[in-house]
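> As a plain string of letters, each chain reads:
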Amino acid sequence: MSTLSAARLVSSRGRRVETKRRSRSTSLAPLLFLAPAVITLAAVSVFPVIDGLRLSFRDTMLSTQEDAFVGSSNYARLAGDDQFWSAWRHTLVFMTASTVIETVLGMAMALLLYEQFRGRGGVRAAMLIPWAIPTVVTSRMFGWLFDGQHGIVNWLLIQCGIIDGAVNWYGDGHTALLTIIIADVWKTTPFMALLLLAGLQTIPQSLVEAARIDGAGPWQTFWAIRLPLLATTLLIAGMFRALDAFRIFDLVYVLTGGGPADSTEVLSTLAYKTMFSALDFGYGSTISTAMFLTEILVASAFGLLIARRIKREQG
Amino acid sequence: MPLSSPLPLDRPWTPPRRLSWRFRSGLARTALAIGAFLVVAWSVAPFLWQVSTAFQEDRLLTAATPSLIPWPPTFEHFYNIFVEKQFQLYIVNSAIVAGLTTLFCLVIGGAAAFALARLRIFARFGILSLFLCVSMFPQIAIVAPLYIIASVTELMNTYTALIIIYLALGLPLTIWVLFGYFQAIPREIDEAAIIDGAGPLRLMVSVIVPMSLPGFVTTGLLAFIAAWNEFMFALAFTSGIDRQTIPVGIANFTNLYYVPWGDLAAASVVVTLPLVALVLAFQRWIIQGLTQGAVKE
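Residue numbers (my numbering), protein chains in the order written: chain C, 1 to 315; chain W, 1 to 297.
Treat the hints as calculated values from the structure; they're not laboratory data. A few of these clues could be false.
[Claimed, not checked] Simulated DEER-style distance windows between Cβ atoms: (1) C/V104 x W/R120: 30 to 36 Å; (2) W/R120 x C/D262: 37 to 43 Å; (3) W/R59 x C/G148: 17 to 23 Å; (4) C/E313 x W/A31: 48 to 54 Å; (5) C/T202 x W/R124: 34 to 40 Å; (6) C/G148 x W/L213: 34 to 40 Å; (7) C/W155 x W/L273: 22 to 28 Å; (8) W/L213 x C/V104: 36 to 42 Å; (9) W/T62 x C/T96: 35 to 41 Å; (10) W/W71 x C/G217: 44 to 50 Å; (11) W/L38 x C/W155: 16 to 22 Å.
For every residue, glycine included, the Cβ atom is placed at its ideal position computed from N, Cα and C.
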């Protein structure tokens, strides 16, 4: 509270004198309205993140009640931990693949939905269904679709002659991550499409019309006009998606549990297991702190690109 | 072609390649129809297959050729989940947790969004951005500290712990979306209310909130769906069927030797149908709410 009032005092410097003379209740009101939200977020999000950083320098075992400061030894362990680095690779592969595929497919869907046709509202409504389904349910659904023995995906692919025999999709280390990516693409592409559709609708129709009159086909219109004007939207949507994909948990935990043979272990599931199976809260917090730092890097990279883009558009 | 000059003004004009008008629009219309069909099939088919599975007998599910139509339909999977597995308890837990989370999100988030949108405030966009940044934390980073706090305060396996956590997870989006709705209300209305002697609370409760009810419905739905679907915290913070929510119930549905696909499908249908109904009923508002603020230039 005191820091907030200090911030307010600083803010009122240089404003007109009336600001200071406003009655006390009026100037306190914004703080009172904001306080519950700020306190909740500080207590349940900001403080735990900082506390997690503290834990990452400690050896905190819930099973033995051990709790001691160990300096950077958790980080040294992290650097040499093969399991961590393989989870790291899986997370990056998943993040990149799902973001790229979902952006491209989402763009295609958005362009489709931008056109006028009968039943467009129905298509948009249908697209919300994957988004609304709980991720755990999505995992179970794809577990059934891609089941190695009785899954309909195998049956369809065999009927079409694409594969010869049943594939054990998520039970096989070579295809398990692919199955997870497919499930995620199913669930999240529609959301991407909605964000991009919102962006498309901000493009002045006159530009597109002008290009059409100049003889540009749909393909040229897209590459020369829509795509450049959508670049900022694409970057923002891509950033949201990448950050969200980076922390994937439910889909992996329920569909494969990180297996087979750790081939789908991602950072969130590894950290979770370290904390709640091994009860090693210190090292688990080290993994999650490393994740947090990576997220900041990813967000900053996107942030720089977005800022440069906006500057170029304005300048 | 350089991206910075979107219009090819420097090129000589060439007449457009001509297809007959009728052929061209017919082709375009067919392509659109195929595309629309693919999108709908892609979005709906996996769920429909789940619905079909829920009504099929186990011997059909393990047959060499899958049957698409559940005939004869069976209700044994629904019987299993409700009578043997007490699935209704998970539903009650989820309804309590998600319902209260939604209520608190709307009240607390609504007040914050109101302050940011309508009151004289320092660095409003700075504060808004901070709220948004908080929502991008990897959630796994706060599990361990919160777990320790919950153990000390004896909040483990309570609705309270889940509601407080979900409130914090839901607030950033709630504030962001409601802020957008409040901004759209003309300022003159505030001035009129203030001249009539309304204070900030009165202004919010009697003027701004009633005018943005659709916004509250949308935001409430978003918060509800997020809390209804959350898995990781529910898994870590609850330990019994008396407090576990639906996602945890579904995740625990399997045993070591086989996966009861039919029962899982039935449970999926039961928890998803209400959501699908809500989403279809309010889809226009949800799309508006989802796309507001997030990608506005």
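> Are the hints correct? Go through all of them and say.
Hint check results:
1. Checked against the given bound of 30 to 36 Å, the beta carbons of C/V104 and W/R120, roughly 45 Å apart, lie outside it.
2. The hint said 37 to 43 Å for the Cβ distance between W/R120 and C/D262, and at roughly 55 Å that hint is violated.
3. Checked against the hint of 17 to 23 Å, the pair W/R59 and C/G148 passes, with Cβ atoms roughly 19 Å apart.
4. Between C/E313 and W/A31 the C-beta distance comes to about 32 Å, which lies outside the given range of 48 to 54 Å.
5. Distance hint check for C/T202 and W/R124: the Cβ-Cβ separation is about 23 Å, which falls outside the suggested range of 34 to 40 Å.
6. Between C/G148 and W/L213, the C-beta spacing of about 50 Å breaks the proposed range 34 to 40 Å.
7. Under the hint 22 to 28 Å, the C-beta atoms of C/W155 and W/L273, about 26 Å apart, fit the expected range.
8. W/L213 and C/V104 have their C-beta atoms about 38 Å apart, which keeps the hinted 36 to 42 Å range intact.
9. Hint check: W/T62 to C/T96, Cβ distance near 37 Å, so the stated range 35 to 41 Å holds.
10. At roughly 49 Å, the beta carbons of W/W71 and C/G217 sit within the given window of 44 to 50 Å.
11. For W/L38 and C/W155, the Cβ-Cβ distance of about 20 Å falls inside the hinted range of 16 to 22 Å, so the restraint holds.
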